[in-house]
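Asker: The residues making up each chain are set out below.
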Amino acid sequence: DAGVTQSPTHLIKTRGQQVTLRCSPKSGHDTVSWYQQALGQGPQFIFQYYEEEERQRGNFPDRFSGHQFPNYSSELNVNALLLGDSALYLCASSFSNRGGEQYFGPGTRLTVT
Amino acid sequence: DQQVKQNSPSLSVQEGRISILNCDYTNSMFDYFLWYKKYPAEGPTFLISISSIKDKNEDGRFTVFLNKSAKHLSLHIVPSQPGDSAVYFCAATENAGGTSYGKLTFGQGTILTVHP
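Chains as they are written, first to last, in the working numbering: chain E, 1 to 113; chain X, 1001 to 1116.
The following block holds chain E by itself, in its conformation from the complex:
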């Protein structure tokens, strides 16, 4: 049973560019959440997708957008990258009707130069 997978593992971008990160949820899960983790901090919630719609959003600007596909996989897009966007981006999946547990992927390390 494959867990949550994310791609790519690492990414280096230049300020002002755009980036797309990808996530495949754990088998049987229908909900995907994205988090940003800065060094030395806990993960910060970006948004959650369920039934291909953004269900909840954290305190992140509109430069952060996402998408969920019919197979429940998801993308996170960040436009007009800033140096402060450098972080570990984590995807978590869950089953909408089974409690609050979310299962995390290994993350994508984004460096903006």
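To be clear, the hints were calculated from the coordinates, so they are not data collected in a lab. In this text, a Cβ means the ideal position worked out from N, Cα and C, and glycines have one as well. Be aware that one or more of the hints could be misleading.
[What the hints assert, rightly or not] Label pairs and their computed distance ranges (CB to CB):
#, chain 1, residue 1, chain 2, residue 2, range
1, E, G16, X, D1031, 40 to 50 Å
2, X, K1068, E, T113, 16 to 26 Å
3, E, K13, X, F1046, 40 to 50 Å
4, E, T113, X, S1012, 31 to 41 Å
5, E, R57, X, T1045, 34 to 44 Å
[Claimed, not checked] Just some of the chain E residues that point at chain X, by a computed CB distance under 7 Å:
#, residue
6, G16
7, T20
8, A38
9, N59
10, P61
11, E101
12, F104
Dock chain X against chain E, hints included.
Answerer: Then chain X, alone, in the frame of chain E:
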């Protein structure tokens, strides 16, 4: 506004002893609490959770205690093992309606080191 706080950045324990990690929260709407363990270069791994209708949940060496009146939860690891050395995050969430839960709000993490 830090709604979930882990006030101890680090904890050092001898192998075989008990590790106690603490977490405080301020949002009274939180009704589900979780602990995650994180190794470097990996995503957080779910350890154990507790609903606000309970005050204790046990799974093997891991026990989580919830004190709703104090808005405090703790994770006990007994006995501690060197492989338990990692960063531990507590997280909280609230029911978004029915059985549906939304975002997790995390603490800053506590680095646990278990010495052989």
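Asker: Could you run down the list of hints and mark each one as holding or not?
Answerer: Do the hints match the structure? See the list:
no., hint, in the structure
1, E:G16 <-> X:D1031: 40 to 50 Å, "holds (42 Å)"
2, X:K1068 <-> E:T113: 16 to 26 Å, "violated (46 Å)"
3, E:K13 <-> X:F1046: 40 to 50 Å, "violated (30 Å)"
4, E:T113 <-> X:S1012: 31 to 41 Å, "holds (36 Å)"
5, E:R57 <-> X:T1045: 34 to 44 Å, "violated (26 Å)"
6, G16, "violated (28 Å)"
7, T20, "violated (19 Å)"
8, A38, "violated (10 Å)"
9, N59, "violated (10 Å)"
10, P61, "violated (17 Å)"
11, E101, "holds (5 Å)"
12, F104, "holds (4 Å)"
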